[in-house]
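Protein chains in written order, with the numbering used here: chain A, 525 to 668; chain B, 420 to 916.
Just so you know, these hints were derived from the structure itself, not from any lab.
Heads up, some of the hints might be wrong.
Cβ-Cβ distance ranges computed for the label pairs, FRET-style [what the hints assert, rightly or not]:
#1 ASP901/B <-> GLY572/A: 36 to 42 Å
#2 ASP588/A <-> PRO642/B: 31 to 37 Å
#3 SER571/B <-> PHE539/A: 31 to 37 Å
#4 VAL785/B <-> ARG547/A: 43 to 49 Å
#5 ASP901/B <-> PHE586/A: 42 to 48 Å
#6 VAL425/B <-> PHE603/A: 23 to 29 Å
Calculated Cβ distances over 10 Å to all of chain B for the following chain A residues [what the hints assert, rightly or not]:
#7 LEU528
#8 PHE539
#9 THR587
#10 GLU641
#11 THR644
Cβ atoms here follow ideal geometry from the backbone N, Cα and C, with glycine treated the same way.
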Amino acid sequence: MSLLLAFCTATLFSFGTYLVLQRRLSRIVIGVGLLGHGANLTLMLSAGERGRPVFIGSDGDFTDPLPQALALTAIVITFGVTVFLLALAYRSWVVSHDDEVEDDVEDRLIASRLAAEVATDENGETHEAGYTDDSAGHVGEVQS
Amino acid sequence: MNNLIVLPVALPLIGAAVCILVGKSRTAQRFVSIATLVAVAAIAVWMVIDVDANGTLVTQAGGWRAPIGISLVADRFAAMMLVVSAIVLLAVLVYAVGQRDAEGNHVGFHPVYLVLSAGVASSFLTGDLFNLFVSFEVMLTASYVLITLGGSKAQVRAGMTYVVISLLASTLFLAALAITYMATGTVNMADLSGRIAELPEGLRSALGLLLIVVFGIKAALFPLYFWLPDSYPTAPSPVTAVFAGLLTKVGVYAIIRSQTLLIPAPDRAGTVLLVVAALTMLVGVFGAISQNDVKRVLSFHIVSQIGYMIMGLGLFTVAGLAGALLYIIHHIIVKTTLFLTSGLIEHTGGTGRLARIGGIARRLPVLAALFLLPALSLAGIPPFSGFVAKLALVSAGLDSGQYAVVAISLVVSLFTLFSMTKIWAGAFWGESHGDNGTDLIVEGRLGTPRVMTLATGSLAALSIAIAIASGPLYRFSERAADDLLHPARYVMEVMGR
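If we strip away everything but chain A, and leave its shape as in the complex, we get (with noise of 0.2 Å):
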């Protein structure tokens, strides 16, 4: 295997991690990007030697092919899923003007209920426990 080869992988992988993580799609589908083209170095390294030919040379020791072909498979798959994601970031960016990942709202508005319950009981007062919340119309405004 070569070293190079392998230091280009964890790279790769370092980067399109750290990229997933960011908030934006954009840099989302960039992370993704860059961990398939890891996964896809990993796959083509699993051939083993460097520097054999594709083909039947005159020594007839040639590369295994199999890795290639599951390489152009996932490099076909990725390429795919990239641009429905692509595709995705567009629909978002026309809909709300914003590609930003955001949170889930139900689980802010969860959060923010019990946050106002604790206010409450703080206060001494007392509070209904259950499903008192009736902001359900304004669940898009919730902030965290």
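Keeping the supplied structure of chain A fixed, place chain B upon it in accordance with the hints.
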């Protein structure tokens, strides 16, 4: 006859192509897709009978022998999963035709739905680890499209989380495949079964755990479940129902298959799986209790229920695995029924928020019965299917001396019942609280959902049938579990030696 194994994968793909060609007529699309799924269900039923009587069916793609060609294998476990998934896919399709929300508004629904069913069938039947990756991708890509078909803001937001997390899982899977191939020089599962045992100990455990993480993301296991309750509820009801019933269970199938077939007995991570199972059950059910929306409560329940299946696997005994298999059959049908019912609640009540609906039991008693039946079954109340499945798991756990996880599973059942009563009290009793005091439930406002009720009702009837036929079903599950714990038989059937 062995070549018939290809049909559950090939037929839906052909059907999808035909659906695109007849895209101008929704009636023709409906005919094609329902006919296709009926055919798949019939083949699957024939397969499970044949496999149980005459042993595993194997076919090699292109006639290439096992380690070189791609094997398609239908053993008892795979055939059983195929039958349940075909029936559920068919029922949900009928429901979608009745609802006309996602299905009527988009020309792409039928083709993508058929591609999804091809991906699910292929995941169950494949005997090749790389082909499993491809099947997962076929299934997931179809699910990406289905979950974002409406293109609304909420769907796009939830779709992003879902697509990105699934892509990460796929990338990890690809890396795991590369490591496997590097170490063993094969991706055929039957071939791997022997070769992984020859690897150094550290590498074996690393591979086993990596595969648990990869499939654990898809199955929504404890630390990796957070994407599920976020993304599932936003999709149209039939789509959510089929995702909830099937997709996570494909992940569970892959975990069970890889842990029993690929990882040799001494290296199996039984304790890790039992701890993860207990945490998954607890976190899922506590999440469900805190939610205020029918679909979100049910989504957290999926997570909780996955814990039971993994508990059965973690025991690594015939009784434990048989219990897990029975639980999977019961869960797929009951969970789909519940989500279809929640779709009916939204259809009649206009919303799934418990604070805003109420009094359904008085106005629509049929709907109330359709919810109560699977809800009690899910909580494990006798005489429903959930009781039988949980009883099998609990007695298997006691036999293995794993008292802690058994105790947790029983406590979780109690909490499950509690959160189901929360839905019952919120949606079916009391009065509806619409805006300005108006009544939300107006019968016939959106048309009587006769077809939807029929589809939901037939699945509910099926879950009762499971409870009645639990004896033969459990014995079948035992035979399937016995096969799973003796991978040498699988290897012999596939490799022909």
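These are the hints, each one checked on the structure:
1. ASP901/B <-> GLY572/A: 36 to 42 Å: Since the Cβ atoms of ASP901/B and GLY572/A sit about 39 Å apart, the hinted range of 36 to 42 Å holds.
2. ASP588/A <-> PRO642/B: 31 to 37 Å: Holds - the Cβ-Cβ distance for ASP588/A and PRO642/B, about 36 Å, lies within 31 to 37 Å.
3. SER571/B <-> PHE539/A: 31 to 37 Å: 33 Å, holds
4. VAL785/B <-> ARG547/A: 43 to 49 Å: 46 Å, holds
5. ASP901/B <-> PHE586/A: 42 to 48 Å: 44 Å, holds
6. VAL425/B <-> PHE603/A: 23 to 29 Å: 27 Å, holds
7. LEU528: Label holds. Min Cβ-Cβ 17 Å, cutoff 10 Å.
8. PHE539: Since the minimum Cβ distance to chain B is about 13 Å, PHE539/A lies beyond 10 Å and the statement holds.
9. THR587: It holds; THR587/A is separated from chain B by about 13 Å at its closest Cβ, greater than 10 Å.
10. GLU641: 12 Å, holds
11. THR644: With a cut-off of 10 Å, THR644/A remains clear of chain B, as the shortest Cβ separation is near 18 Å.
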